[in-house]
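K.L.:
Using the sequences and the hints, build the whole thing.
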Amino acid sequence: DAGITQSPRYKITETGRQVTLMCHQTWSHSYMFWYRQDLGHGLRLIYYSAAADITDKGEVPDGYVVSRSKTENFPLTLESATRSQTSVYFCASSEFGTSGRVAFAGELFFGEGSRLTVL
Amino acid sequence: RKEVEQDPGPFNVPEGATVAFNCTYSNSASQSFFWYRQDCRKEPKLLMSVYSSGNEDGRFTAQLNRASQYISLLIRDSKLSDSATYLCVVRQGNKLVFGAGTILRVKS
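Chains as they are written, first to last, in the working numbering: chain A, 1 to 119; chain B, 1001 to 1108.
The hints are simulated quantities; they were obtained by calculation from the structure and are not laboratory data.
Distance ranges between label pairs, derived from CB positions:
(1) B:G1016 with A:S7: 37 to 45 Å
(2) B:E1015 with A:T13: 38 to 46 Å
(3) A:T26 with B:G1093: 25 to 33 Å
(4) B:Q1069 with A:P61: 25 to 33 Å
(5) A:G63 with B:N1055: 37 to 45 Å
(6) A:L39 with B:G1093: 25 to 33 Å
(7) B:Q1069 with A:S28: 29 to 37 Å
(8) B:N1065 with A:D53: 39 to 47 Å
(9) A:E72 with B:D1077: 35 to 43 Å
To be clear about the criterion: a stretch of chain A counts as covered by chain B if any three or more of its residues have a C-beta under 8 Å from a C-beta of chain B, and this derived list gives those stretches:
(10) 39–45
(11) 108–117
From chain A, some residues computed to sit far from chain B (all C-beta separations above 12 Å):
(12) S7
(13) E14
(14) G16
(15) V19
(16) D53
(17) D62
(18) G63
(19) Y64
(20) S67
(21) E72
(22) N73
(23) T77
(24) S80
(25) R83
(26) Q85
(27) T86
Note that the Cβ used here is the ideal one computed from N, Cα and C, for glycine as well.
P.N.:
So, in structure tokens, the structure goes:
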């Protein structure tokens, strides 16, 4: 089925370990995003990507690494997990604007989220 | 100051009530505006876009006031199923900035 899927849905890890959260979309959307959601902060953008091999930092990029070698995949890696990275992580994708400019309609399609606990 | 601010609520209302949420944004260059809905422990989903002239979708009405930099969402005839968190979203360039959300609880 078409859609956007995240894995794992739940992950418990320890401080200092590397963790990778996977995101896969089947719509061939140009844009993909990673957000984290914490109480009192709402959704905060970590990284986003406009196309394969093009990524850019969002509001809270420190401690995270992304890559986008294929349009459909946008993994997020925590190189050395810290307790402050305990959160719910949402991946999202969006269609590229038909005007050809860097624009999109504004509807983000979210994955179901990955709940990460760092002990 | 946060870029997008919302009253966190919760707003506790009876079925059938009319309830309104406001959202303010700080960047006057913001281009587009949206309301998303998020059910408990689920992913956010687009509820409606907000146009300069105001727009309505069934029981939901969204309005934008660029001069005062705020957006509003009005829900009429509230249903139990409207209980959720409502997220105000503002587009700035090629990024979408989310408010922290307003919790709505509709009770019978």
